[in-house]
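Novice: Work the whole structure out from these sequences, hints included.
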Amino acid sequence: MEFPTALVLNAIVAGLLLGGFYAAVSVGISISFGMLDVVNIAHPAFIIVGSYIAYIVNARLGVDPILVSVVLSPLFFALGMLIYRVYYVCFERRGQEALRGLAFFFGILFITEVTLVLIFGVDYRLVETSYSSVTLRLGAIDFPLRLVVPFAVSIAMVVGIQVFLSRTFFGRAVLGVSQDQLALRLMAINPVRVKEFAFALSIATAGVAGAFLIVIQPVQPSVGREYIGLVFAVCVLGGLGSIWGTLLGAFILGLAESFTSTFFGPSWAPAVSFGILLAALAFRPSGLFGR
Amino acid sequence: MNMNRLMTWASAGLAALVFAVSAQAQQPLKIGFGMSLTGPLAGNGKAALIAMQIWAEDVNAKGGILGRKVELVYYDDQTNPSTVPSIYNKLLDVDKVDLVVSGYGTNVIAPAMPIMMQRNMVFMSLFGLNVNSKFNYDRYFQIMPAGPEPAVGWSQGYFDIAMTLNPKPQTVALVGADAEYPALALEGARAHVKKLGLKVVYDKSYPPNTVDFSPIVRAIQATNPDIVFLASYPPDSAGMVRAVNEVGLKTRMFGGGLVGPQFASLRTQLGPLLNGIVNYESYTPEVAAKYPFLEQFLAKYQGRAVKEGVDPLGFYLPPYAYAMMQVLEQAIKATGSLDQAQLAEYMHKYEFDTYVGKVRFAKNGEWSAPRMLTVQYHGVVGNDLEQWMKAGHVTVLAPAAYATGTVQTPYQDSKK
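Protein sequences appear in the order of chains A and B. Going by my numbering, the residue at position 18 of the first sequence is 18; the numbering climbs one at a time, nothing skipped. Going by my numbering, the residue at position 3 of the second sequence is 1003; the numbering climbs one at a time, nothing skipped.
Bear in mind the hints are in silico, worked out from the structure with no lab data behind them. Treat the hints with care, as some may be off.
In silico contact screen, one side only, chain A against chain B (beta carbon under 7 Å); selected entries [what the hints assert, rightly or not]:
1. 7
2. 10
3. 11
4. 14
5. 120
6. 126
7. 128
8. 129
9. 135
10. 139
11. 226
12. 258
13. 261
Note that CB positions come from ideal geometry on N, CA and C, so glycine has one too.
Specialist: Structural data, given as structure tokens:
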């Protein structure tokens, strides 16, 4: 097996770009599952909703889909608040979140898919942007803007969330709710409101990730299911509740996929990725950045 | 019992008998199937369903079959093979359908086969690749113009065209998704490669949920193949085509078995990125003269497809879905029966007139002769759909009787 320099450098760049996308898809789960213990299995469905909204606005008004997703993220935020409120009242408050809560999110996943099918049909949709077919070349290394733009926005979003969580009072309250809800109550903070806010934030990231997805590849209503395993793998590898861990986990899986595809055959990529996950968990059961 | 009472009872009995017989005649002729109405192949499934519904309406407008109206009984298989056995058991045991046909595609046809064989049902299938090669079921019939050896026939045109290049290609890269159809298409391509004595420099598959295909294309480029054969489903077709353009793949011919460029959604999304690709098609306006009845059908189909959010062109699957039902119709009318043995015998013996031309079945239920078109896309500018509605951007390369031009190579130059 030969490893020509150009191929290695391109594999690194492709892996990092892919990792950036995986980070955007996974950061919401890192918040909801890692910090709030809410097993939001419907997260990929919200990503697909984000894809379709970006698609509609782009088709009608010609606005860049990623810009649309950022501008409309308050809508997703509000949707997240609503869903968490229902989840809390119906399941969490009664202590039934373990199984019934899971069924609730499965239900949301299926209802969302069917609703999208009824509204948009089942055809594949893709947004063609001005940069979709542009590839920058630096020597022998390719930088396809179709992946570079989502990567840049994703990194900005993930770093922004980390700064928010670590530097602001409300952000620290979110971190606090994942550690000790009773202590939070003793400080006169309502953990339900904090969780509602954090869950809403996770859904807002899903909307943005959806716009990335429809720029990168064609989307149809049920395509989100293919990401369920991946997003949880990224979060577990990075360490539940750690945003930096999620970013690192996404880069590791992106690089593993890229190198395996380039040098050993793409069909080995999932096995290598999950092999890395198993190995990491064997040595650090709480994940790379887990506490 | 006096005579009057006896007469009254006899009359009532006779009336009940007549009523029962006429009710039997009025019962609809039920044709059951599972169809992918959600899931990854739902776009094709819904398009096929529209074509089958148009057929049912056309038949019913002419009084039905054997004096009975036709009723389609169908369920969504969610593009999930595990749902298929229960759907067909329900159709046969609960809905009591008279006949069954398949949904779209290899993945959902194969799981229905054991049930059809247990029940001795005639099974018309729609675009399943080489499904009967393992089952050898004598009541299986297939609508797809890939010939008696479908896996090989599928890529016959691609390799025939490749071998016309001067100088002849020496090396080939084979790549496809880890899924039923691509695996079978690659199996057929390997048979061609072996027969032609080409050297395989890359032969790998990728997971269907791959996001970035550029590492795969770079790995292929590193082997510097003369030709590249790709077997893929729509999302990965789009991903591979984009990656090929981003990486700037240099090879003499690229394509072969991409599912996706046949549909409006990928044609409009990929637009000029399709230029230069050699691929298969089941119909294109460039050969409209060979299919005299299709225009009328397509007009009807396209009107509905737009409303239902499915492929507005309808070139790929709908004509064949309609033809599948025409075969059944002709067989039932000719035998005057729904007896499965008689229908199977007739279908093996006779030729059928359909919207996609004359169809005759080989012993294994596949078409007796291949008729899949091998084409090259060219001159596509922009992403509008209109340019695809009429002839102009597709050169038919094979079969010879349908050819409208010759292949342009190398691939990187023919993209312009």
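Novice: Does each hint fit the structure? Answer for all of them.
Specialist: Each hint, compared with the structure:
1. Below 7 Å, beta-carbon pairs count as interface contacts, and residue 7 of chain A has one with chain B at about 6 Å; its hint therefore holds.
2. For residue 10 of chain A, the shortest C-beta to C-beta distance to chain B is roughly 6 Å, which falls under 7 Å, so the interface hint holds.
3. Below 7 Å, beta-carbon pairs count as interface contacts, and residue 11 of chain A has one with chain B at about 6 Å; its hint therefore holds.
4. Given the 7 Å rule on beta carbons, the hint for residue 14 of chain A holds: about 5 Å separates it from the nearest Cβ of chain B.
5. For the restraint placing residue 120 of chain A at the interface with chain B, the shortest Cβ-Cβ distance is roughly 6 Å, inside the 7 Å limit, so the hint holds.
6. Because the closest C-beta pair between residue 126 of chain A and chain B is about 4 Å apart, less than 7 Å, the hint holds.
7. Residue-level restraint check for residue 128 of chain A holds (minimum Cβ-Cβ distance to chain B is 6 Å; threshold 7 Å).
8. At a threshold of 7 Å, the smallest CB-CB gap from residue 129 of chain A to chain B is about 12 Å, leaving the interface hint violated.
9. For residue 135 of chain A, the interface hint holds, the least distance from its beta-carbon to any beta-carbon of chain B being 5 Å, beneath 7 Å.
10. A least Cβ separation of about 14 Å between residue 139 of chain A and chain B goes past the 7 Å threshold, and the interface hint is therefore violated.
11. Given hint, residue 226 of chain A at the interface with chain B, holds; its Cβ is 4 Å from that chain's nearest Cβ, closer than 7 Å.
12. A least Cβ separation of about 5 Å between residue 258 of chain A and chain B falls short of the 7 Å threshold, and the interface hint therefore holds.
13. Among the interface hints, the one on residue 261 of chain A holds; its C-beta lies about 4 Å from the nearest C-beta in chain B, closer than the 7 Å criterion.
Taken one by one, the earlier hints fail for this structure at numbers 8, 10, listed in ascending order.
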